[in-house]
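K.L.:
What follows is the residue order along each chain.
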Amino acid sequence: MAAVLQYDHVTKRYSGARRQSVVALDDFSLHIERGEIFGFLGPNGAGKTTAIHLAMGFMRASSGGGTMLGNSFGHAPTRRRVGFLAENVALYHRQAAKLVRFYGALNGLRDPQLARAVRDVMETLELRDVADRNVGKFSRGMLQRVGLAQALVNEPELLILDEPTSALDPLGRVAVRELLQRARAAGKTIFLSSHLLSEIELVCDRIGILHRGHLARVGKTSDLLESSDQCELVVRGIPTGAFPQATGEDGTTQLVVPRSAQRETIERVWSLGGEIVRVNPLKRSLEDIFVELTGKSTVDGRRSMAGEQGRIPSSEPREETGSHAPNRQRRGDS
Amino acid sequence: MIAIILIAGNFVRENRWPMMSLLAYVLLFGGVTVFSSSNPDDVVFFLRSVGVYGLAFTALMSASGIHNERRSRRLLAVLSKGIERRQYLCGLLLGAMFDAAIYSVAIGAMGSFSSRGAEVATVWELVVALLASFLLAGTVALFFSTFLHPVMAVLATALTLGVIAAAGRLVGDVFPSYALAQAMLGFGVEGWTAPWGACAWAVGWALLFGFMAAAVFAGRDLAVAVE
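One line per chain: the protein sequences are A and B, in this order. Read in our numbering, the first sequence has 75 at position 75, and its numbers run on one by one without any break. Read in our numbering, the second sequence has 1119 at position 119, and its numbers run on one by one without any break.
Keep in mind that the hints were calculated from the coordinates and are not lab data. Note that the structure is predicted; figures quoted are calculated from it, not measured. We put the beta carbon where it would ideally sit given N, CA and C, even for glycine. Mixed in with the good hints there might be a few duds.
What the hints assert, rightly or not - The following residues of chain B were derived to be distant from chain A, with all beta-carbon distances above 10 Å:
| hint | residue |
| --- | --- |
| 1 | 1149 |
| 2 | 1160 |
| 3 | 1200 |
Unchecked claim - Ranges of calculated distance between the beta carbons of each label pair, as one might list FRET restraints:
| hint | chain 1 | residue 1 | chain 2 | residue 2 | range |
| --- | --- | --- | --- | --- | --- |
| 4 | B | 1072 | A | 256 | 47 to 57 Å |
| 5 | B | 1149 | A | 137 | 46 to 56 Å |
| 6 | B | 1053 | A | 11 | 41 to 51 Å |
| 7 | A | 65 | B | 1002 | 27 to 37 Å |
| 8 | A | 11 | B | 1171 | 42 to 52 Å |
| 9 | A | 185 | B | 1200 | 54 to 64 Å |
| 10 | B | 1120 | A | 16 | 34 to 44 Å |
| 11 | B | 1024 | A | 185 | 51 to 61 Å |
| 12 | A | 34 | B | 1024 | 48 to 58 Å |
| 13 | B | 1072 | A | 259 | 46 to 56 Å |
| 14 | B | 1113 | A | 132 | 38 to 48 Å |
| 15 | A | 11 | B | 1147 | 49 to 59 Å |
| 16 | B | 1053 | A | 75 | 39 to 49 Å |
| 17 | B | 1149 | A | 34 | 42 to 52 Å |
Please construct the entire structure, taking both the sequences and the accompanying hints into account.
P.N.:
The structure is reproduced here in structure tokens:
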């Protein structure tokens, strides 16, 4: 499938004070396919915004390059087919509808198509009631909606969104999630950078995790979350103490065993006169994977597993297609 | 072209309050000078001084355009659209020149009114010379602002115009800032005429600095700072 957005061995260095340079992206390669929602994750300073700004042509790569909708990064006419929302959106202080109209006109839209597009996008983002209000008086959440409106007004083929829901309330997030899903259904491609892991987990087809300028992992969301080597057996009718690691609840016993030992454990349960209630593959949360890869402590202060088995050579992102060793698991659907 | 006009219009809108303040100054103090003084030299002095203010205003406005947009991050939303960076620069310059033109016309109107019918044509010749000067100063300031802080850009503009003036004193109208400055300072003297040759050269220099600004701006990283 043709790549809508492609990075080929991109390196970006910033020159800092005392002639020290900071490498924001290091030999970064990635391709985004048409019609997918791609989640772009990474801790602060990982290089996510740099990658986005390179694609939009706001800056030049130190080496390497890439294409967006088939043309090199920075190709101005191509940007007419792209919708972009920057992190911490900043807009001119004008009436919301006039502002969206201004950005639409910059992208080459003209009346009556422009008027219709502005009306539709204001409606979609529930901005019609405030269309005549000055954006300077908007809350951050409302401002973000207007930012989304200016990104969507030209009906882009590719949407590049940097933290699009960070300032939105739960209802706003649901609305944006639905909007993204509708956009995907309409064949649009979405490149979504966010810290909100739950949002990413819910809407993205594929996920890439960036860490210190390297793509640490990339793969299908389902593969990433289910790539566990362990499963949970729920059984009943076995003698207490038959499995030292078992936990009991409501007359049932839960066993977490490696997949390789699943058959053997089931046979042992049967031989003990027990009954298998269910077998669940264990799923990890995106937060677990994120913490594992980026080496950050979680909110509750747990130390990460980075530097141990979870870390991978950074220049070779692991394409997630099967199973690999997990760290912490949660129960998945059977 | 429409994108350039849109950006220019937006620039004018964003700078409307300083512009209106300056216009109010010209009209208010111009009116006071015209009505309170019977000495024509006072009016000539007023026209010369507002000409110099206009020059400084144009340079400051042009020099701060990119910096303000970049610092506020509004630049990103504009340049994420299907426009070239050179179109964006043209828009800024056109906006600054639109403001300069309004300002010049206000000066011309005050000068015409105060002359009471005599030598009105020379006042409008002065307006054209002022516009040429504003265009040169604005473009040079815009060029320097593509890679310098606005304050430094204004200083660099003053220095550049000074160097051009020094060269112009030796060579002539090819380096137009000397002839334009002389014309501004000599306005009101009998037999004064606009330096048309210098005006034409000023437009040529503005084009040169405009192209240089576009070339430098095209290669600049606009969204800076490591996250």
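K.L.:
Against this structure, judge whether each hint is valid.
P.N.:
Results of checking the hints against the structure:
no., hint, in the structure
1, 1149, "holds (16 Å)"
2, 1160, "holds (26 Å)"
3, 1200, "holds (32 Å)"
4, B/1072 x A/256: 47 to 57 Å, "holds (53 Å)"
5, B/1149 x A/137: 46 to 56 Å, "violated (31 Å)"
6, B/1053 x A/11: 41 to 51 Å, "holds (49 Å)"
7, A/65 x B/1002: 27 to 37 Å, "holds (31 Å)"
8, A/11 x B/1171: 42 to 52 Å, "holds (48 Å)"
9, A/185 x B/1200: 54 to 64 Å, "holds (60 Å)"
10, B/1120 x A/16: 34 to 44 Å, "violated (59 Å)"
11, B/1024 x A/185: 51 to 61 Å, "holds (56 Å)"
12, A/34 x B/1024: 48 to 58 Å, "holds (56 Å)"
13, B/1072 x A/259: 46 to 56 Å, "holds (54 Å)"
14, B/1113 x A/132: 38 to 48 Å, "holds (40 Å)"
15, A/11 x B/1147: 49 to 59 Å, "violated (23 Å)"
16, B/1053 x A/75: 39 to 49 Å, "holds (42 Å)"
17, B/1149 x A/34: 42 to 52 Å, "holds (43 Å)"
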